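Chemist: Please construct the entire structure, taking both the sequences and the accompanying hints into account.
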Amino acid sequence: MKMTIHEEVVEAVILKKTPYKENDMILHIYSHEYGKMSVMARGIRKMTSKNARGCQEMMLSELTIALKKGMSTLIKATPLDYFRHIEENLESEIVGQYILEYFYRYIEDNQPLEKEYRMLYEALHALDLGYPPLLVYLLFNVFILEHNGVSLDVDGCVLCGSPQVVSISLEDGGFLCSKHIGHHQPYSQDILKAFRHIHKIPITAIDHLHISSSAIQVLVPLMESLIEEYTGIQLKTSRFIHQIV
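Throughout the sequence shown, residue numbering follows my numbering, covering 1 to 245 in sequence.
Since the hints were made in silico from the structure, they are not lab data. From a predicted model like this one, the values you see are computed outputs, not experimental measurements. There may be inaccurate statements among the hints.
Unchecked claim - Computed cross-link-like contacts, DSSO-like style, restricted to lysine-lysine with a CA-CA straight-line distance of at most 27 Å:
(1) K115 - K236
(2) K76 - K16
(3) K69 - K17
(4) K68 - K21
(5) K200 - K179
(6) K16 - K46
(7) K193 - K179
(8) K17 - K68
(9) K115 - K193
(10) K68 - K50
(11) K50 - K69
(12) K16 - K50
(13) K46 - K68
(14) K16 - K236
(15) K17 - K46
(16) K21 - K46
(17) K46 - K76
(18) K115 - K16
(19) K17 - K115
(20) K193 - K17
(21) K68 - K16
(22) K76 - K50
(23) K17 - K50
(24) K115 - K200
(25) K21 - K50
Stated by the list, open to error - Here are the in silico distance ranges between beta carbons for each label pair:
(26) E171 - M47: 55 to 65 Å
(27) P19 - P202: 31 to 41 Å
(28) S188 - S38: 42 to 52 Å
Every residue gets a Cβ at the ideal spot worked out from N, C-alpha and C, and that includes glycine.
Modeler: Dropping the structure here:
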């Protein structure tokens with residue numbers, strides 16, 4: 001009895017490639033239709049492979065896949081967006097790798113979510129367009145917090161609701177007013193506004209974010225502390241982020 005092959009054409013970002021046998025590669029991808037999944041790409045390590053150019057990490061491709069139980073198989077790969085400008089800037093490449101690592105390690109398999117796919121694509125697209133890499137990093141970390149069920153209070157003092165805020169508390173999860181600042185470090189209004197804006201403005205509206213480089217330098221370690229405090233997530237690429245702050 002001949003087995004029917006179910007072919008699907010999907011748009012996917014290539015998260016990671018794992019060598020398999022002599023000429024094959026396992027592609028770890030995130031597609032709009034199926035979320036994160038692994039696909040066997042046979043023969044793409046050969047010099048003559050027609051699919052190799054559409055199977056590079058950190059690119060958007062149209063993939064024709066033979067779906068089956070277990071690991072599906074790649075039939076055809078066509079590049080859609082190389083995000084070429086990312087690799088031209090070291091900071092952009094580091095932040096791009098940070099994004100891919102999070103999706104590869106912490107996103108569940110076969111659970112497609114529109115919000116996840118849009119964040120993955122829009123973050124890489126913003127880097128490719130030349131927006132400040134560390135600003136994209138901050139916005140992506142807000143996504144990480146939300147993805148792990150963490151919602152910070154950035155509308156007023158987390159303890160009393162006062163709009164006259166002067167500090168940010170990791171322990172309390174949001175802004176503090178002068179009455180409740182206690183031992184916490186006070187921040188300038190520039191920093192406080194920037195912190196609120198990165199939580200309120202989506203990455204698709206990054207054009208509307210006007211945050212100074214000095215504010216970004218303060219917010220990066222603050223966001224790292226929030227990620228550690230509330231999620232426990234540790235990414236290998238974080239050590240490279242430290243080198244560009």
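Chemist: None of the hints should be skipped; say for each whether it holds.
Modeler: For each hint, the structure was consulted:
no., hint, result
1, K115 - K236, "holds (24 Å)"
2, K76 - K16, "holds (17 Å)"
3, K69 - K17, "holds (20 Å)"
4, K68 - K21, "holds (21 Å)"
5, K200 - K179, "holds (25 Å)"
6, K16 - K46, "holds (18 Å)"
7, K193 - K179, "holds (19 Å)"
8, K17 - K68, "holds (20 Å)"
9, K115 - K193, "holds (25 Å)"
10, K68 - K50, "holds (23 Å)"
11, K50 - K69, "holds (26 Å)"
12, K16 - K50, "holds (19 Å)"
13, K46 - K68, "holds (24 Å)"
14, K16 - K236, "holds (14 Å)"
15, K17 - K46, "holds (15 Å)"
16, K21 - K46, "holds (12 Å)"
17, K46 - K76, "holds (15 Å)"
18, K115 - K16, "holds (20 Å)"
19, K17 - K115, "holds (24 Å)"
20, K193 - K17, "violated (40 Å)"
21, K68 - K16, "holds (21 Å)"
22, K76 - K50, "holds (8 Å)"
23, K17 - K50, "holds (17 Å)"
24, K115 - K200, "holds (15 Å)"
25, K21 - K50, "holds (19 Å)"
26, E171 - M47: 55 to 65 Å, "holds (56 Å)"
27, P19 - P202: 31 to 41 Å, "holds (37 Å)"
28, S188 - S38: 42 to 52 Å, "holds (47 Å)"
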